[in-house]
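Following the hints, put chain B in place on chain A, whose structure we already have.
Protein sequence lines, in the order shown, are assigned to chains A and B. Counting along the first sequence from 1, when you hit position 221 you're at 221 in the UniProt record's numbering, and nothing is skipped either side. Counting along the second sequence from 1, when you hit position 389 you're at 389 in the UniProt record's numbering, and nothing is skipped either side.
If you're looking for bench data, these hints aren't it; they were derived computationally from the structure. Since this is a predicted model, take the numbers as computed values, not measurements. Do not take every clue at face value.
[As the list claims (entries may be wrong)] Taking CB as the label site, the calculated pair distances span: (1) 223(A) with 390(B): 56 to 64 angstroms; (2) 253(B) with 83(A): 41 to 49 angstroms; (3) 83(A) with 15(B): 50 to 58 angstroms; (4) 112(A) with 41(B): 26 to 34 angstroms; (5) 162(A) with 281(B): 32 to 40 angstroms; (6) 145(A) with 216(B): 25 to 33 angstroms; (7) 73(A) with 329(B): 33 to 41 angstroms; (8) 76(A) with 281(B): 19 to 27 angstroms; (9) 186(A) with 253(B): 22 to 30 angstroms; (10) 25(A) with 295(B): 32 to 40 angstroms; (11) 156(B) with 73(A): 57 to 65 angstroms; (12) 135(A) with 324(B): 46 to 54 angstroms.
[What the hints assert, rightly or not] No farther apart than 20 angstroms at their CA atoms in a straight line, the calculated lysine to any residue pairs in the SDA-like style are these: (13) 62(A) with 167(B); (14) 62(A) with 50(B); (15) 105(B) with 164(B); (16) 113(A) with 296(B); (17) 62(A) with 163(B); (18) 257(B) with 282(B); (19) 65(A) with 228(B); (20) 65(A) with 75(B); (21) 162(A) with 109(A); (22) 65(A) with 167(B); (23) 65(A) with 166(B); (24) 12(A) with 196(A); (25) 373(B) with 68(B); (26) 39(B) with 52(B); (27) 62(A) with 168(B); (28) 113(A) with 73(A); (29) 65(A) with 31(B); (30) 212(B) with 68(B); (31) 375(B) with 31(B); (32) 62(A) with 244(A); (33) 65(A) with 282(B); (34) 62(A) with 299(B); (35) 162(A) with 339(B); (36) 115(A) with 89(A); (37) 105(B) with 166(B); (38) 185(A) with 182(B); (39) 65(A) with 105(B); (40) 162(A) with 31(B).
We put the beta carbon where it would ideally sit given N, CA and C, even for glycine.
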Amino acid sequence: MSAIKSVFSDSKSAFIPYISLGDPNYDLCVDWADALIRGGADILELGIPFSDPVADGPVIQKAFKRALANPFSMDTILETTEKIHSLHPHIPLVYLTYFNPIFHYGFEKFAEKAKIAGIQGMIIPDLPYDTPETDELFKSLKRRGVDLIHLVTPATPLNRMKAIRDFASGFIYYVTSYGVTGERKSISSDLEDRIKTTKEVFSLPVSAGFGISAPDQAKEISGYADGIIIGSAVQRIIEENGSNPTLCRRKLEEYAQSISGSLRGKNR
Amino acid sequence: MAKERSFTEKEGYFGDFGGRYSPEILTEALIELEETYNKLRKDKKFQKDLEFYRRNYIGRPSPLTYAEKLTKAWGGAKIWLKREDLNHTGAHKINNTIGQALIAKAMGKRRIIAETGAGQHGVATATVGALFEFETAIFMGEEDLRRQKLNAIRMQMLGAKVIGVSSGTATLKDATSEAMRDWALNVSNTHYIVGSVIGPHPFPTIVRDFQKVVGEESKKQFKKENDKLPDAVVACVGGGSNAMGMYYAFLNDKKVKLYGVEAGGRGTSPGEHSATMLFGKTGFLHGTKTLVIQDDGGQVVPAHSVSAGLDYPGVGPEHAHLHSTGRVKYETVSDQGALDAFMEVCRVEGIIPALETAHAFRFAKDLAKELGKKKDILICLSGRGDKDVAEVARLVGLSQGDLI
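Okay, chain A solo, but in the shape it has when bound (with noise of 0.2 angstroms):
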């Protein structure tokens, strides 16, 4: 079983918290993921900076344009993730990054090192499973022994699910709701056959993300779903508290908390 696969055999939901890397900078960013480990995040999910994220709202956006101030380098994002690794080598961690930073590091390369860095797992949201260099990045992730985490959403049809199985691994990232990542007050009716369906199809655990924030939602939502991803409420935090790290990292660490104490002793 993989070290993510394994995280879902807990009888609670799995909170996956994000942060964009380098925001504000490469040094803070690790004090925040150690904060949200403290608080209870199962799985950290780690952003890789792109200037165009064309899936992501204005909280990443703005996040992104923070870590960007800084100079970007590959090798510098990979440093960093061993840090956190170094710091909780038991918890899962996985990239968020749009591929072309990484097709451009060059990908059998990135594979090995950011395997090396500690990660587990992929996501990549503008790379579809049916493209050539899915098939390759593919191939290069299962011989180390990463997963290659799909998007799946709402608009996503039945027959396109079973195509993507076979590219899928360690879990769902299921799309709760059209747009891009953001915050949002109300969770559409259907979700939870959604993601049923959708856990029928793959056999693998499914955690919902996009418009996440509040620990009432992630409870409801953990009642039929194996994980719980929240990105723009955590950066929401980092934006309004950044410049105050000792603050930042205590209200990211209550967040965590509220949000993973929310998610106890679902029975799914």
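Frame of chain A; chain B shown alone:
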């Protein structure tokens, strides 16, 4: 003779470039678009409707003008102009928006959106929005809103909502990203009218197909007039829709030299130009694999051009392919060169060209000398420059006193 066209319809690739690299939420809409278009392109009623609007609304065929005065002034090859500036709305962009509006109607979409740089595509989209009664939203960078105020006003008068984009560099690249985000949110009732031969498959093919009328008409008109083909064809390239439309009919005519002119801007450093063919590397931007101006970390570098329509850090994937095969030669012209050509064409030929096209004129001036008097150069005059007059007047230092 082997065909130059390497487009594999099934996969949407042009050689190594193209494809569909977009967020999963958009994939089904792109597949629906591809399937609808594949049916419509063979549908007689659709072709008849398209022809109707081309003739009676756009005003096609656009004329081919022999530019006698420019020919004389430049002292070399004969200069011929394909007059896309004389289309309704003033540019080639309307060829594509009419076609895509008909597709959107066939798909039952009620809302259309678009990105725009110089505003010509925005105006053309707002126009079809009014004509076919779509709810219309146009995304435009704040910097471009400043440079192209006239077009922003035209869009609003035509009933479109103009949404200023302040993220990133606040130009075309960011307007495109924002339009993609809107489409992801409203994909069930909205069609995104991509304005150039860019974006995920099938957009580069669809836009090229709606623009290829430019080259097809030119070829016919030139042959009729001269009983031969032109020796060289020149077009400006940002995303590359007027150029692709112009080249397509000539791709298999190997004796016709094809030139694309990109914005050399104000220098060769990153951020100073939009010369994708010269400085770009293979990458992934806005859903397609193409040449992209990027830094050592794979981050897209903001592009610059005096012309809002050319400052895009990528290029259509079919252009990237034609560059790699060498079929089309891509060159650059600086901001200053374009401004000089703009003024020269105004005063010599009595035509105010779009600043985008002024790049093509400046290159053609040198080419005319190089080729000599026995040759013919065809320039795609992609649009008129009304939208640019205030910005050019500011840049060349024309004060109100000079104008009186």
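Hints and how they fare:
Residue 223(A) and residue 390(B) have their C-beta atoms about 60 angstroms apart, which keeps the hinted 56 to 64 angstroms range intact. Remark: the range hint 41 to 49 angstroms for residue 253(B) to residue 83(A) is contradicted by a beta-carbon distance near 60 angstroms. At about 42 angstroms, the CB distance of residue 83(A) to residue 15(B) disagrees with the hint of 50 to 58 angstroms. Taken as a hint, the range 26 to 34 angstroms is violated for the pair residue 112(A) and residue 41(B), whose Cβ atoms sit roughly 45 angstroms apart.
For the pair residue 162(A) and residue 281(B), the supplied restraint of 32 to 40 angstroms holds, since their beta-carbon distance comes to about 36 angstroms. Against the hinted window of 25 to 33 angstroms, the Cβ-Cβ separation of residue 145(A) and residue 216(B) comes to about 55 angstroms, which falls outside the hint. At about 35 angstroms, the CB distance of residue 73(A) to residue 329(B) agrees with the hint of 33 to 41 angstroms. Take residue 76(A) and residue 281(B): their Cβ atoms lie about 21 angstroms apart, and the range 19 to 27 angstroms holds.
At about 59 angstroms, the beta-carbon gap between residue 186(A) and residue 253(B) misses the expected band of 22 to 30 angstroms. Taken as a hint, the range 32 to 40 angstroms is violated for the pair residue 25(A) and residue 295(B), whose Cβ atoms sit roughly 19 angstroms apart. About 44 angstroms separates the C-beta atoms of residue 156(B) and residue 73(A), a value inconsistent with the hinted range of 57 to 65 angstroms. As the Cβ distance of residue 135(A) to residue 324(B) is approximately 22 angstroms, the hint placing it in 46 to 54 angstroms is violated.
With a C-alpha separation of about 8 angstroms, the suggested pair residue 62(A) and residue 167(B) falls inside the 20 angstroms cut-off, and the hint holds. Note on residue 62(A) and residue 50(B): the hinted pairing is violated, with a Cα-Cα distance of about 43 angstroms set against a maximum of 20 angstroms. In summary, the hint linking residue 105(B) to residue 164(B) is not supported, as the alpha carbons are separated by about 26 angstroms, beyond the 20 angstroms threshold. For a cut-off of 20 angstroms, the pair hint linking residue 113(A) to residue 296(B) stands: about 18 angstroms separates their Cα positions.
Between the alpha carbons of residue 62(A) and residue 163(B) the distance comes to roughly 19 angstroms, so the proposed pair stays at or under 20 angstroms and holds. Distance hint between residue 257(B) and residue 282(B) is unfulfilled; the C-alpha atoms sit about 25 angstroms from each other, more than 20 angstroms. Using a Cα cut-off of 20 angstroms, the hinted pair residue 65(A) and residue 228(B) is violated, with the two alpha carbons roughly 54 angstroms apart. A C-alpha spacing of about 51 angstroms is found between residue 65(A) and residue 75(B), which places the hinted pair above 20 angstroms, so the restraint is violated.
With a C-alpha separation of about 30 angstroms, the suggested pair residue 162(A) and residue 109(A) falls outside the 20 angstroms cut-off, and the hint is violated. The straight-line distance between the Cα atoms of residue 65(A) and residue 167(B) is roughly 9 angstroms, inside the 20 angstroms bound, and the hint therefore holds. Taking the CA atoms of residue 65(A) and residue 166(B), the gap is about 13 angstroms. The hint holds against a cut of 20 angstroms. At most 20 angstroms may separate the alpha-carbon atoms for a hinted pair to count; residue 12(A) and residue 196(A) meet this at roughly 17 angstroms.
For the suggested pair residue 373(B) and residue 68(B), the alpha carbons sit about 12 angstroms apart, so the restraint of at most 20 angstroms is met. For the hint linking residue 39(B) to residue 52(B), the alpha-carbon distance of about 19 angstroms falls within 20 angstroms, and the restraint holds. At most 20 angstroms may separate the alpha-carbon atoms for a hinted pair to count; residue 62(A) and residue 168(B) meet this at roughly 9 angstroms. Distance restraint check for residue 113(A) and residue 73(A): the Cα-Cα separation of roughly 13 angstroms lies within the 20 angstroms cut-off, and the hinted pair is therefore satisfied.
For the proposed pair residue 65(A) and residue 31(B), the alpha carbon gap of about 32 angstroms is over 20 angstroms, so the pair is violated. Taking the CA atoms of residue 212(B) and residue 68(B), the gap is about 26 angstroms. The hint is violated against a cut of 20 angstroms. Between residue 375(B) and residue 31(B) the CA atoms are separated by roughly 45 angstroms; this puts the pair beyond 20 angstroms, and the hint is violated. For the proposed pair residue 62(A) and residue 244(A), the alpha carbon gap of about 18 angstroms is at most 20 angstroms, so the pair holds.
About 23 angstroms separates the Cα atoms of residue 65(A) and residue 282(B), which puts this hinted pair outside 20 angstroms; it is violated. A threshold of 20 angstroms between alpha carbons decides the hint, and for residue 62(A) with residue 299(B) the separation of about 15 angstroms falls inside it, so the pair holds. At roughly 55 angstroms between alpha-carbon atoms, residue 162(A) and residue 339(B) are farther apart than 20 angstroms, so this suggested pair is violated. For the hint pairing residue 115(A) with residue 89(A), the CA-to-CA distance comes to about 13 angstroms; that is within 20 angstroms, so the pair holds.
The suggested pairing of residue 105(B) with residue 166(B) is violated, with an alpha-carbon distance near 31 angstroms, which exceeds 20 angstroms. Between the alpha carbons of residue 185(A) and residue 182(B) the distance comes to roughly 18 angstroms, so the proposed pair stays at or under 20 angstroms and holds. For the suggested pair residue 65(A) and residue 105(B), the alpha carbons sit about 38 angstroms apart, so the restraint of at most 20 angstroms is broken. Among the hinted pairs, residue 162(A) with residue 31(B) is consistent with the structure: their alpha-carbon atoms are about 16 angstroms apart, no more than 20 angstroms.
Consistency with the previously given hints fails for numbers 2, 3, 4, 6, 9, 10, 11, 12, 14, 15, 18, 19, 20, 21, 29, 30, 31, 33, 35, 37 and 39, ordered from lowest to highest.
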